[in-house]
Amino acid sequence: MTLELLLLILVIGTAIAFDFTNGFHDTGNAMATSIATGALKPKTAVGLSAVLNLVGAFLSVEVALTVTNAVVRLQSSSGAPNPELLANNGHELLMIVFCGLIGGILWNLLTWLLGLPSSSSHALFGGLIGSTAAALGFSGVNWMGDGTKLDGVVGKVILPAFASPVVAALVATIGTWLVYKITTGVAERYAEGGFRWGQIGTASLVSLAHGTNDAQKTMGVITLALIAYGVQTDTTTVPLWVKFACAFAIAAGTYTGGWRIIRTLGKGLVEISAPQGMAAEASSAAVILTSSHLGFALSTTHVATGSILGSGLGKRGADVRWGVAMRMVLAWFITLPAAGLVGAVCFWLGNGIGGYAGVLIVFGALVALTFWMIAHSRKTAVHAGNVNDEWQPDATPGASVASDETIGAKA
Amino acid sequence: MFQLFGSAIGQVVAVSIVIGAGLPALFAFGVRALAQGAGGSAEVSGEAGKPMMKIVAWITFAVVLAVIAIGLAIIISSGFGYKVSFEHIFPTFIKK
Numbered sequence: 006m007t008l009e010l011l012l013l014i015l016v017i018g019t020a021i022a023f024d025f026t027n028g029f030h031d032t033g034n035a036m037a038t039s040i041a042t043g044a045l046k047p048k049t050a051v052g053l054s055a056v057l058n059l060v061g062a063f064l065s066v067e068v069a070l071t072v073t074n075a076v077v078r079l080q081s082s083s084g085a086p087n088p089e090l091l092a093n094n095g096h097e098l099l100m101i102v103f104c105g106l107i108g109g110i111l112w113n114l115l116t117w118l119l120g121l122p123s124s125s126s127h128a129l130f131g132g133l134i135g136s137t138a139a140a141l142g143f144s145g146v147n148w149m150g151d152g153t154k155l156d157g158v159v160g161k162v163i164l165p166a167f168a169s170p171v172v173a174a175l176v177a178t179i180g181t182w183l184v185y186k187i188t189t190g191v192a193e194r195y196a197e198g199g200f201r202w203g204q205i206g207t208a209s210l211v212s213l214a215h216g217t218n219d220a221q222k223t224m225g226v227i228t229l230a231l232i233a234y235g236v237q238t239d240t241t242t243v244p245l246w247v248k249f250a251c252a253f254a255i256a257a258g259t260y261t262g263g264w265r266i267i268r269t270l271g272k273g274l275v276e277i278s279a280p281q282g283m284a285a286e287a288s289s290a291a292v293i294l295t296s297s298h299l300g301f302a303l304s305t306t307h308v309a310t311g312s313i314l315g316s317g318l319g320k321r322g323a324d325v326r327w328g329v330a331m332r333m334v335l336a337w338f339i340t341l342p343a344a345g346l347v348g349a350v351c352f353w354l355g356n357g358i359g360g361y362a363g364v365l366i367v368f369g370a371l372v373a374l375t376f377w378m379i380a381h382s383r384k385t386a387v388h389a390g391n392v393n394d395e396w397q398p399d400a401t402p403g404a405s406v407a408s409d410e411t412i413g414a415k416a
Numbered sequence: 100m101f102q103l104f105g106s107a108i109g110q111v112v113a114v115s116i117v118i119g120a121g122l123p124a125l126f127a128f129g130v131r132a133l134a135q136g137a138g139g140s141a142e143v144s145g146e147a148g149k150p151m152m153k154i155v156a157w158i159t160f161a162v163v164l165a166v167i168a169i170g171l172a173i174i175i176s177s178g179f180g181y182k183v184s185f186e187h188i189f190p191t192f193i194k195k
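Heads up: the sequence lines are chains A and B, in that order. Just so we're aligned, residue 6 is where the first sequence starts under the working numbering, counting upward by one. Just so we're aligned, residue 100 is where the second sequence starts under the working numbering, counting upward by one.
In short, the hints are calculated from the structure, not lab data. Since the structure is predicted, the reported quantities are computational estimates derived from the model, not experimental observations. We put the beta carbon where it would ideally sit given N, CA and C, even for glycine. Treat the hints with care, since some could be wrong.
[Stated by the list, open to error] Here are the simulated DSBU-like cross-link-like pairs (lysine-lysine), alpha carbons at most 35 angstroms apart as the crow flies:
id: 1; chain 1: A; residue 1: 186; chain 2: B; residue 2: 149
id: 2; chain 1: B; residue 1: 153; chain 2: A; residue 2: 48
id: 3; chain 1: A; residue 1: 48; chain 2: A; residue 2: 186
id: 4; chain 1: A; residue 1: 248; chain 2: A; residue 2: 46
id: 5; chain 1: A; residue 1: 248; chain 2: B; residue 2: 194
id: 6; chain 1: B; residue 1: 194; chain 2: A; residue 2: 46
id: 7; chain 1: A; residue 1: 154; chain 2: B; residue 2: 153
id: 8; chain 1: A; residue 1: 48; chain 2: A; residue 2: 154
id: 9; chain 1: A; residue 1: 154; chain 2: A; residue 2: 46
id: 10; chain 1: B; residue 1: 153; chain 2: A; residue 2: 186
id: 11; chain 1: A; residue 1: 154; chain 2: A; residue 2: 384
id: 12; chain 1: A; residue 1: 248; chain 2: B; residue 2: 182
id: 13; chain 1: B; residue 1: 153; chain 2: A; residue 2: 46
id: 14; chain 1: A; residue 1: 48; chain 2: A; residue 2: 384
id: 15; chain 1: A; residue 1: 154; chain 2: B; residue 2: 149
id: 16; chain 1: A; residue 1: 48; chain 2: A; residue 2: 248
id: 17; chain 1: B; residue 1: 182; chain 2: B; residue 2: 194
[Unchecked claim] Computed from the model, here is a short list of chain B residues facing chain A with C-beta under 7 angstroms:
id: 18; residue: 120
id: 19; residue: 157
id: 20; residue: 172
id: 21; residue: 175
[Claimed, not checked] Pair by pair, the computed Cβ-Cβ distance ranges are:
id: 22; chain 1: B; residue 1: 110; chain 2: A; residue 2: 376; range: 39 to 47 angstroms
id: 23; chain 1: B; residue 1: 180; chain 2: A; residue 2: 153; range: 18 to 26 angstroms
id: 24; chain 1: A; residue 1: 369; chain 2: B; residue 2: 189; range: 56 to 64 angstroms
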């Protein structure tokens, strides 16, 4: 096996693994509120979300081949990789993509371990920015585009990251306030029952939108690797097997359920009721769909978190745990640089050692750290059985479950 | 860049408030109408039910469903290279 074939196989494998983490990291964005209010049983919620993500991934036939162009300069606007990166069956391009994906996966796993909803797209972009900067210098990064449209790290990542939670929070605050105003006089239990249905409907919409947006990114990355290696020349379509692999990976990830993140979003931020849940999901769905319809993608995670926060602000007497919110915002700030740093270090390491050894050492580090984090998460496991337990602010961050309940618990 | 972003986010805010806050509000109106229709323990006041309000409630829910269906149509059609146009008021699919 040539070194480049090994790299190609590893890129495809890590891309699918990234897609899986993307799924379980984001289950909570759509389903946390429905799980917290009891509108859906935890397992039913993740199952429903998984199916809708699967369907969503197939609905997006729009070509995502130029996905990396948002932040780095590896491809032309037609999708063809830059010729100077293609020597030796695309060795350099494969290496950049491989290290970028590792940065994305490791940041996704670390934030999951800490129970922090952070954006998977930012993690992927951060990783790619880091590995590209390490390989080509800072000029390889697309910071601002050419200024004529919203482009580059600033236009497509940083500005939306600041604006989207605020917009979503505003919409959800108004929605929640209206809902409580309008249903004054309706018995609380009666209203709860009705709003649970509304909540399931709007949460489903968020899941579907997620599938159409996020699975595409990985499809684009894998196809780029195939073109770089030389086994694919068509820059307008994604091979069918890539589409299948990514769709099933994101759905399987979603079904696994990032319970730690679901718990933070559903129980940690705000104690949520069904009317608030519906207002939050309606806000998320509206913001995500409007922005992607207008041609600029917002992070589902930032929008969903903002919405849930807003649903706490809009209800009189509801408590928002600002400490939890601040931890999240901090995580968002460091997502891009942290994933970038991992991507860059991987590239320096892999390229510096060089050859088979370099590639295998970097891959080995990914596997080792992944298993370490999974093993660590089992110490305070969060699962379908305890995801809705009383929030314990003083317990292990990232789980916040009472410690005596976790003894003997299965992840 | 900042101007471009400002105008794009402004549109998102405007449309999202109308749909994202309006839809739950409409749904809430339906829930209230349903509660008035049922009466008794469904309402804080415990008044007797007004059956006509049930019809109002279901019409409201139908409108909410229709808006969601349009939302779905927008997601699905854009995936296939179409967009939904409201030029003729009634939504129609046109090729992008």
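Hint-by-hint comparison with the structure:
1. A:186 - B:149: holds (21 angstroms)
2. B:153 - A:48: Roughly 33 angstroms separates the two Cα atoms, so the pair holds.
3. A:48 - A:186: Status holds; Cα separation ~33 angstroms.
4. A:248 - A:46: holds (30 angstroms)
5. A:248 - B:194: holds (23 angstroms)
6. B:194 - A:46: violated (40 angstroms)
7. A:154 - B:153: violated (50 angstroms)
8. A:48 - A:154: violated (43 angstroms)
9. A:154 - A:46: Distance ~44 angstroms between residue 154 of chain A and residue 46 of chain A Cα, so the pair is violated.
10. B:153 - A:186: holds (20 angstroms)
11. A:154 - A:384: violated (48 angstroms)
12. A:248 - B:182: holds (22 angstroms)
13. B:153 - A:46: holds (29 angstroms)
14. A:48 - A:384: holds (22 angstroms)
15. A:154 - B:149: violated (56 angstroms)
16. A:48 - A:248: holds (26 angstroms)
17. B:182 - B:194: Within the cut-off at roughly 6 angstroms; holds.
18. 120: OK, holds: residue 120 of chain B within 7 angstroms of chain A, min 4 angstroms.
19. 157: At 12 angstroms from the nearest chain A Cβ, residue 157 of chain B fails the 7 angstroms test, so the hint is violated.
20. 172: For residue 172 of chain B, the interface hint is violated, since the closest Cβ of chain A sits about 11 angstroms away, which is over 7 angstroms.
21. 175: holds (5 angstroms)
22. B:110 - A:376: 39 to 47 angstroms: holds (46 angstroms)
23. B:180 - A:153: 18 to 26 angstroms: holds (24 angstroms)
24. A:369 - B:189: 56 to 64 angstroms: At roughly 59 angstroms between Cβ atoms, residue 189 of chain B and residue 369 of chain A fall inside 56 to 64 angstroms, so the hint holds.
The structure shown violates the earlier hints numbered 6, 7, 8, 9, 11, 15, 19 and 20.
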